[in-house]
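Participant: Spelled out, the chains give:
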Amino acid sequence: MKVKINNKEYEFQEELSILDAVKKAHIIIPTLCYSEKLKPFGSCRLCSVEIKGERTLKPACVTKISNGMEIYTHSEKVRKVRSTIMELIIASHGISCNLNCLTCSKSASCEIKVIAEEIGIMEVRVPPISSRVPEDRSSYSIVREPQKCIVCDRCVRKCAEVQSVNILTIANRGPDTYVTTFLDKGMGNVDCVNCGQCVIECPTGALHEVYQTDQVWNVISDNSKYVIVQTAPAVRVAIAEEFGAEPGRIVTKQLVTGLRLLGFDKVFDTNFSADLTIMEEASEFLERFKNGGKLPLFTSCSPGWIKFIEHNYPEFLDNLSTCKSPQQMFGAIAKTYYADKIGIPREDMIVVSIMPCTAKKYERVRPEMKGDVDYVLTTRELAKMFKLAGIDLLNLPSEEYDEPLGITTGAAAIFGATGGVMEAALRTAYEVITGKTLERLDFESVRGIEGIKEAVIEIDGLKLNVAVVNGLGNARKMLDMIKNGEKDYHFIEFMACPGGCIGGGGQPIPTTKEILSKRMKAIYEIDKSFEIRKSHENPAIQALYKEFLGEPLSEKSHELLHTTYIARS
Amino acid sequence: MEKYYEKELLEELHDIQETYGFISEEDILRISEKRDIPKAHLYGVISFYSMFHLKPTGKYIIKVCDSVSCSLNHSADIVKVIKEHLGIGENETTRDKKFSLEVVECLGHCDEGPVMIINDTYYTHLTTNKVVQILDNLD
Amino acid sequence: MEKIFLKSDLGKSFEDYEFSGLKNSLKMEQTQVIDKIKDSVLKGRGGAGFPAGIKWETAYHVEDDIKFVVCNADEGEPGTFKDRFLMENLPYKVIEGIVICGYAIGSKYGYIYIRGEYTQAIKIIRKTIQKMYERNILGNNILGTDFSFDIKLVRGAGAYVCGDETSLINSIEGERGMSRIKPPLPVFEGLYGKPTVVNNVETLSAAAEIMKYDYNPYLQLGTEKSKGTKLVSISGDVYKPGVYEVEFGKMTVKEIVNELAGGVKGSGLGFVIPGGISTEVLTENEWDVPYTYEDLFKIGTNIGSGGMIVVSKDRNYLEIIKNVSDFFRDETCGTCFPCREGNKNINKMVSEIYERGYPMKKEIEIISDIKNAVSLAARCGFGEASVNLILSILENFYAKKVK
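In order, the protein sequence lines correspond to chains A, B and C. Once you know that position 506 of the first sequence is 505 in numbering that gives the first Met the number 0, the rest is easy, because the numbers rise by one and skip nothing. Once you know that position 103 of the second sequence is 102 in numbering that gives the first Met the number 0, the rest is easy, because the numbers rise by one and skip nothing. Once you know that position 69 of the third sequence is 68 in numbering that gives the first Met the number 0, the rest is easy, because the numbers rise by one and skip nothing.
Derived from the structure by calculation, the hints contain no laboratory data. One or more hints might be untrue.
[Said to hold, decoys possible] Derived list of chain C stretches under chain B, where covered just means 3 residues or more per stretch with a C-beta under 8 Å from a C-beta of chain B:
#1 154-160
#2 321-327
#3 367-378
[Said to hold, decoys possible] Straight-line distance between alpha carbons at most 30 Å, and here's what the computed BS3-like set of lysine-lysine pairs gives:
#4 C:Lys297 x C:Lys181
#5 C:Lys297 x B:Lys2
#6 A:Lys76 x C:Lys347
Everything numeric in this text was worked out from a predicted model, so none of it was measured. Backbone N, C-alpha and C fix where the C-beta goes; we use that ideal spot for every residue, glycine too.
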């Protein structure tokens, strides 16, 4: 099909949207309500283009090209309309002379700023109009600032279409149209799972995590406290983006140095407790498998997933592994085993987590495991702290994690990507079941970015049906299939966020599909770089069992490393 | 064509609104469950329509039109008198839960303005005296 | 003089009404009915003016077991009350039109969506539907033919924007009443994804009336481009407000006001809003214009819904602008940015203008830019037309005088 774009002829085979066609012609059209992962909504009208013969402009995101169409993407008419709409958006967004841009959570990743530049806006003739909708601070994980919301609906669509959590909606109409929760109860009082995908999707600063940086600054400078920090596997492959690096850059050792510079007494790794999780969870699986326990076993590392199943599928709670997540296991071990080992009073030990996740902030305060972890920072928050401390992360010298809670394996590293927990568990389960050494460690069939992956793993004649699910929309699909008897598995890994933790709600913005695959590639590179790539071979873990826990699923393990769930519907 | 023979959501909401004077949280939860609509979305739908109330209203809901034609016929005076007479403002309900007052868009009786509607009944060619009488005669 | 065509059965009781339009139609092929409506060039009377026959023909040709006819009775345009008039006085003709359309396009399912505030019309239509079932003018094998048709009534709930056809469809489906992205047009994918014809009350009644005759009465009424008659609702500063039927091209706006509505009250004409508050005003220099689609269009305005509001020169026009702006600010569905934010910002400016007593040049300029953006880039027709009246009053009466 032949199409003219700005007087130049192009040929396209498929029936693309104008927006996609124009992209192929290397022309950029501003968009706000459009997002590659979501159904087009057609509300911001910024992508409006002129089409020869049409009275009105047409939104490029939802208009398909047709043969002979003549499109003008930046004609004077178009530019004028865009500029006016942009003025209105800016006015609605409450930007005024006491410029809140500089203090905004999205000061570095604001889409409105980018678009204002693309449109070349010189003047805003209409004064800001304030929203009267109050801030929502009801959640432990996420803050909503309606003042900055432009009602583009992206968070609502992300929550519904991708996550199937459905807690956000547009309410009212006319000038009072706003984004809210059921009866304005607030995100902390509805079925929100705290996954933070809405934060990632928001083009403005209307959504951000609940900050704990101030508390962490305070506690670091408090000499009476012994402050240790743990870093989740997905942080090291993403935080460099906050400093302008190409996605996928691995900065593990610079991260360690940076954290020491901030003043943490010890820098440890959540990967240590990821290995510990594998010890417990693989054992739990084998025990259920042998003794006719509840199967399929569902992984329990992702607190967004946990809250999702508690709200929506309480009938499956017995399928959940009772293992705490690596974050919580770390805290539990640090405040007992490690505190005792170094002779620090348990109550003076402060555990800070650096997580790719907003739901971890909620997990920390769950009554079932309160006290394990004291503060949770997202990848973004840590980047902010580094910047505030003048730390030039990318150019720092390399340093190693502290011992023993910083000794880890390749198996733990891959927890950061979808499929990683499954693969790590299989590496250990294989050897425990067979007593033989696993030759090929890479279980390719459970890797990759697809939402639902399935595999049959043969271990000594035993056929294990496993599945790996990421994104809660896919989790819902999977649970419905199991419910209807369409599927039957032994073991399923679930992660709340698309792509797993590398796509977590606390990760750098933007997180696109392309960026996700780069982060994922980095995760598997880290795995490869380890000599020890099986959790049960981690010497520090072996020592921990020997000195303290006894064996997996021991009484002590149960007390410290396992938890319970509640039906919330 | 199952959907055609089901009761439409708007009709169901109207029935609740008419019977109870408002749509309660329990109502929304029940409909959400029955129709398999996320409750946040249902709230989004209900709040779009100004005839649905999420809080209890008075026995009589007074709606006074203030669109162009009625406004030319001094509907503002009518609103003022009602406010004074009942001691309530727009979108408020009297203490005895008898009256709620709303100022609404065109009621489609532009040739007989000013106009108000109380529950199901239209009152046209209003004057300030007439309005007070009408209100006083309702029990 | 008023031309009595659509009103010709006024005063007839249900029992006396013969439904000859429907009876005639059922004797004809579906395509013959469509052709007759097409030949009559009956334009949509809700405001958009799209030829009904073409809608019907398109829907007829779309292959699907299930099709819908939806009668748009969500009349909410200020100054417009002719659909209420029809539903209260000729309810059987309204329903008859729906059934005829259903027969013509091959649909078995009809809806009438009446705005919730029209309590009287709702009662009357409900009763009429019931009686029509009793007389087998609705239901299975209507009047002994193979044709079956059902109708359901759905009440709107206080949202003006649901008068837009795709918003109305969303509303019936239990969604927020926001417009849908077009294409697909409702005739291809409408209610529940099925081919759907949405026609206004007056359009469907006129179709029923046209089908009543053996010949095509519309061919002898009106002008070449504006055939037939139109119900005009007149209100505002006139002595005899009401619903009048006017044959296109036979009267000017001035004659309609002076001869039918008894003339302008007060010390003379300020302006006429010709077709609801989405249309540009006519000043004293312009109102001597023949009442046709083409003549009004030529001077930059529109027949619109036929809701004519007459304003005398004694009035404070800024108060009217403010009133209209309040309306659009509150009634936009709130989805698309230009319409939601544009009308919000205009309202802020207009309120200031009203307080001050006159507009500034810069304000008119900004409002004009917003109007440009809204009319070129809004999501639906309601948004597109939302600033027409406001800007036309400012331009006609203030632009030359201000600094």
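Participant: Any hints this thing doesn't respect? Which numbers, in order?
Facilitator: As far as the earlier hints go, 3, 5 are violated by this structure, in ascending order.
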